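Go ahead and model the full structure; you've got the sequences and the hints to work with.
Below are the chains, spelled out letter by letter.
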Amino acid sequence: MPDSLDPRVGRLGLSGESGPLEAPALDQWQNYEVFQQRRRGEQHVHVGALHAPNAELALLLAKEQFGRREQCASLWVVRSADIHASAYEDADMFQHAFDKSYREGSGYRVKDTIETFKAQLDALLLQPEVPAAQPEPAAPPVPPAGTDAWKVYRLPDAGKGPRKVFVKR
Amino acid sequence: MTVAAIKDLLYRLADDALILGHRNSEWIGMGPILEEDIAFASMAQDEVGHALCYYQLLQELGEPEPDQAAFARSAEQFRCCHLVELPIGDYAFSLVRHYLFDMADMVRLRRLSESRYRHLAELARKLAREEKYHQMHARTFLQQLGRAGGEAQARLQAALDEAYPVAFSLFEPTLHSATLAQEGVQPLEDQLMKEWRQEVDPFLRSCGLLLPDPGDITEHFGGRGGRHTPHLAPLLAEMTEVFAIDPAAKW
Numbered sequence: 001m002p003d004s005l006d007p008r009v010g011r012l013g014l015s016g017e018s019g020p021l022e023a024p025a026l027d028q029w030q031n032y033e034v035f036q037q038r039r040r041g042e043q044h045v046h047v048g049a050l051h052a053p054n055a056e057l058a059l060l061l062a063k064e065q066f067g068r069r070e071q072c073a074s075l076w077v078v079r080s081a082d083i084h085a086s087a088y089e090d091a092d093m094f095q096h097a098f099d100k101s102y103r104e105g106s107g108y109r110v111k112d113t114i115e116t117f118k119a120q121l122d123a124l125l126l127q128p129e130v131p132a133a134q135p136e137p138a139a140p141p142v143p144p145a146g147t148d149a150w151k152v153y154r155l156p157d158a159g160k161g162p163r164k165v166f167v168k169r
Numbered sequence: 001m002t003v004a005a006i007k008d009l010l011y012r013l014a015d016d017a018l019i020l021g022h023r024n025s026e027w028i029g030m031g032p033i034l035e036e037d038i039a040f041a042s043m044a045q046d047e048v049g050h051a052l053c054y055y056q057l058l059q060e061l062g063e064p065e066p067d068q069a070a071f072a073r074s075a076e077q078f079r080c081c082h083l084v085e086l087p088i089g090d091y092a093f094s095l096v097r098h099y100l101f102d103m104a105d106m107v108r109l110r111r112l113s114e115s116r117y118r119h120l121a122e123l124a125r126k127l128a129r130e131e132k133y134h135q136m137h138a139r140t141f142l143q144q145l146g147r148a149g150g151e152a153q154a155r156l157q158a159a160l161d162e163a164y165p166v167a168f169s170l171f172e173p174t175l176h177s178a179t180l181a182q183e184g185v186q187p188l189e190d191q192l193m194k195e196w197r198q199e200v201d202p203f204l205r206s207c208g209l210l211l212p213d214p215g216d217i218t219e220h221f222g223g224r225g226g227r228h229t230p231h232l233a234p235l236l237a238e239m240t241e242v243f244a245i246d247p248a249a250k251w
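Protein chains in written order, with our numbering: chain A, 1 to 169; chain B, 1 to 251.
Treat the hints with care, since some could be wrong.
Within a straight-line C-alpha distance of at most 25 Å, the following computed DMTMM-like cross-link-like pairs (lysine to aspartate or glutamate) qualify [said to hold, decoys possible]:
#1 A/63 <-> B/46
#2 A/63 <-> B/37
#3 B/132 <-> A/56
#4 B/132 <-> B/122
#5 B/126 <-> A/70
Rather than coming from a laboratory, the hints here were simulated on the basis of the structure.
Quick caveat, the model's predicted, so the values are computed rather than measured.
Below is the structure:
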């Protein structure tokens with residue numbers, strides 16, 4: 001018996017011999033990981049873990065632990081022991097040796113075009129309805145064809161973005 | 001007319017929910033495992049919330065405001081049944097009582113949602129949604145513990161032997177029961193008891209439990225008329241302790 005002031009070590013009842021410590025099956029309830037889906041169609045997101053003797057009770061208890069404080073459409077529970085994880089010692093395999101930012105989602109050039117377009121659209125929509133004394137080419141609202149519930153705006157050049165936008169009033 | 005009868009019914013519903021909610025909240029911090037502690041406390045809080053809804057209906061009918069109704073009445077003025085007054089016992093007893101009570105609640109709310117007293121019918125439909133989890137919780141625990149055999153099953157059986165006969169106090173008729181049935185507010189207590197037994201008896205057997213003989217069920221009657229077990233007064237003393245310091249305080 002190792003001498004320890006830590007009561008948790010005392011409770012373990014270690015024999016002092018080396019080798020793996022094996023707890024008897026179901027001496028404790030198992031750990032379950034809980035995944036919550038806020039709205040149907042969205043992905044389930046990991047929200048935490050809990051103790052339960054089996055999946056049915058894990059779901060039952062998960063409802064009060066995780067489904068109580070916010071919107072919830074569905075819960076998943078998975079035995080923590082059934083999750084296979086990569087080791088942190090191997091985390092260096094996720095690092096690129098060379099610049100491969102083109103592989104990253106944020107590396108796409110179209111993102112700039114979209115951002116520019118959004119900014120210009122916002123600027124247009126914030127303009128007064130009838131801009132007073134504006135220079136000619138500065139995109140006066142073109143009357144819609146057919147319906148008058150729509151306004152058509154011409155956008156200045158913005159990369160490969162659309163040139164016209166229809167805005168419902 | 002029926003206002004007196006409706007008030008009688010509402011006080012019974014409200015007091016049952018409040019007292020059981022308070023009783024079950026005694027498990028907070030002492031539940032068998034953290035997750036179940038939280039779940040049980042949450043359901044206890046639900047019951048207190050249901051009591052508040054009933055007290056609010058009573059206030060609309062000219063009764064005192066909910067805080068006064070909950071905290072400023074004596075034990076004799078309470079209309080709760082004996083089942084909800086009993087101490088929490090061991091966890092098996094609290095679970096079995098929670099099952100018996102919530103199934104009775106389900107049966108009653110099902111009928112009340114068709115009540116001719118529209119305010120109550122609307123409320124019953126709302127409360128039934130929250131009760132769904134309560135029933136699921138009670139059923140799952142009873143099923144799994146009952147079928148587990150051994151100590152779990154033995155303790156459940158002992159709890160059932162104690163709680164089952166007292167549970168009939170939920171259906172103690174009052175002077176107003178006939179009026180309530182005639183006016184279409186809710187069926188007779190006898191009818192509700194039958195519907196409750198149809199749900200509860202086969203289920204308990206399916207959990208591997210033996211149904212105790214309820215014996216003379218009227219033995220546990222009295223709560224609806226203000227005659228309570230010796231357990232209610234100490235509970236009220238504790239529950240109203242803070243309120244009693246300054247009943248006029250604004251919260």
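- Any of the earlier hints contradicted here, and which numbers? none
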